[in-house]
Amino acid sequence: MNKILLIIQREYLSRVKKKSFIVMTLLTPIIIAAFYGLIIYFSIEGVKGTHSKVAVVNNNKALTEQLSSNKNISYTYVGQSLEDLKASFKKSDYDYILYLPPFELSKPTGIQLLGTKQAGLSLNGRISGDVENMIRNQKLKASGIAQADLDGLKTNVDIDNKKIGESGKEEDSSAGASTIIGTVAGILMFMFIMLYGIQVMRGVIEEKTSRIIEIMISSVKPFQLMMGKIVGIALVGLTQFILWIVLTASISTVAVTAFVGKDKLKESSGMVLKAKDGTTINTPATATVDSPVLSMQKSLASLPLTKIILVFIFFFIGGYLFYSALYAAIGSAVDSETETQQFMMPVMMPLLVGYALSLSVVANDPYGPIAFWLSMIPFTSPIAMVVRLPYGVPDWQLALSMLILVVGFIGTVWLASRIYRVGILMYGKKTSLKEMIKWFSYKN
Amino acid sequence: MLIINNIVKQYAAHRALDDVSLRVEKGKIFGLLGPNGAGKTSLIRIITQITGPDSGEVLFNGERLNVQHISQIGYLPEERGLYKKMEIGEQVLYLARLKGLSTAEATKRIRYWFEKLDMADWWNKKVEDLSKGMQQKVQFVATVLHKPELIILDEPFSGFDPVNADVIKNEILELNKEGATFIFSTHRMESVEELCDNIALIHRSKKILDGPMAEIKAQYRNNTYWLEYQGEYNTENAREIFEVLEHANIAGKTRLKIKIRENQNANQVLAALLPYVAISRLDEVIPTMNDIFIEKVTQQS
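Residue numbers (my numbering), protein chains in the order written: chain S, 1 to 444; chain R, 1001 to 1301.
By construction, these hints were calculated from the structure, which means they are not laboratory data. It should be emphasised that the depicted structure is a prediction, and the values quoted were computed from it without experimental measurement. Don't take every hint at face value.
In the BS3-like style, the derived pairs of lysine-lysine whose C-alpha atoms are separated by at most 25 Å in a straight line are [unchecked claim]:
| hint | chain 1 | residue 1 | chain 2 | residue 2 |
| --- | --- | --- | --- | --- |
| 1 | S | K19 | R | K1084 |
| 2 | R | K1217 | R | K1296 |
| 3 | R | K1084 | R | K1125 |
| 4 | R | K1084 | S | K17 |
| 5 | R | K1125 | S | K18 |
| 6 | R | K1126 | S | K19 |
Can you make the complete structure from the sequences, with help from the hints?
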């Protein structure tokens, strides 16, 4: 037992002390935080930045309705003729001229948008939408509908996702946040199993090629060496994962503050409070600006994050043990990394398939039969389950999946150890899958 | 010290060891000889408990071999290496602790050995910065550090220059004097001659020869002598006493390889020649381990 601890210690320290580990661990959160900050920055600055001033020349007597300004565009009705305006356009502070010629309401043609620069696709779309609205209102009015009725027709619908919990109580939920958390967790899980599984394989190959292996196993049992390596590297993975979470969280806070500025944060948090009170908010130009980011943050908070992180860690360890044992067996059977290809395929396939299906089928239908089975089979359950988790998974399914995974990794560890103990002592021989199966039945 | 009884080891279609029995006496240096693929490494792996025999038993100091004995055995494998990225001191410390030494004790002994073998400033060097010979020294230290009763060396001198080979040879002899028993597996017969008390020859999975080296060599004496003299002598006259195997004239001297006939001896050779020539040499050709090795192995094939 003491020997396993020694091996774990060496495997752990020798990796954590490496420069590449330190750089990766520090750099990744900075990159993530930078992305996070940039996204927020652009979602705020970007929307605000496209405000345009449009001078409207209305030559159409039939149009009594006016275009109303909104957060993106302010419309100003000018009395000048189009020619006069064009002549003085450069001196004015208008961005564009909207020319409304005389036309039949049923056939609006000849509307022009003039400017020194070409209007972008979204601005064009917005203006034409505004004009369409105006013309529709005009038509409705013409058919004798009162202004009050018209205003009453406008309805804004926000679907509030609520889940009915075990006790029948409503719980906040958000499909968007679940998808994002599920996808991120799935990708992380896939990366972790790949990255650290392959590290186990590399470690085994390194021991073989450097020929330390025979010195080692005259002191320790092959099983101890294999498990020590697997556990040591798992701890490296966990260390990295936890550091990433802590660092990303703290750097993000700093980064967001730096990018957006304290005022805006205050402003947006003020709005969240107001929204929770249920008081209606007048919609001035800036009110809707932050809401996508804010609603995301709000729904993130509604997810059981602690549970998700704990279950993630469990499935990471389980899935990693399941696969890394197989990687250890592969490493033991070859002399160099280039020879691993033929064995990597059968091990990688289920992981890749699980990854692809989890991010498509499972994310779209987290309660369907495919999602259920993928989250039960130990080859795919680590990824499928963390993708499903934010949508809510019945406890019995979670428990069953965990149990199957535990049984699964005990199975692969046992299987791998039987191949490993023979493989590590075979140098300079090309190994076939058939031979590996033969090793399996070797006596000690 | 070590008694091996009727070991059989089968690998799929290949029988690596076929009913091999050996005794290694305490405090002796035991030479385990045999051509490549004979089964030496398989036997050593059984003694070091890397693998187990299919049948037969190994007794270590009268006890059946078990995990407790791992810390009493030091093994320097033929295929040996070190972790490339680890520092030397740290690495030897790790290997010593795996053998059950405490950190403090191991550190003390590593310092002693590093001092002794001129490696004192190697502690913080990485393995990849050392030459092959230097690595071998480190491995040797790692093998003997935990003061094992039984030290198994597989081709210990490969990779050493003559100076360092000599250093290691002296360390082996010194450890042996202090009571350590050695099993020594090699192809280099001259080092067997220098070091071994007893030998066993394994060929094609079977033991074909074993015993004290002096006795084995005595068995292979066949009354062959070198005879060298100055002057003229017709060897036909001594036909009754010896037969000439080789004949050469070197710098005015005659050198013969002769085989003395049954019931005759070296004195009679001298008596026959003394009146005629000036004899400068008459000595027995004692077969080298190399000759015996080749003879036994080719005989079996």
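Okay, the hints, checked on the actual structure:
1. K19/S with K1084/R: holds (16 Å)
2. K1217/R with K1296/R: holds (12 Å)
3. K1084/R with K1125/R: OK: K1084/R and K1125/R at ~10 Å, within 25 Å.
4. K1084/R with K17/S: This hinted pair holds, its Cα atoms lying about 15 Å apart.
5. K1125/R with K18/S: OK: K1125/R and K18/S at ~16 Å, within 25 Å.
6. K1126/R with K19/S: Holds, at about 15 Å.
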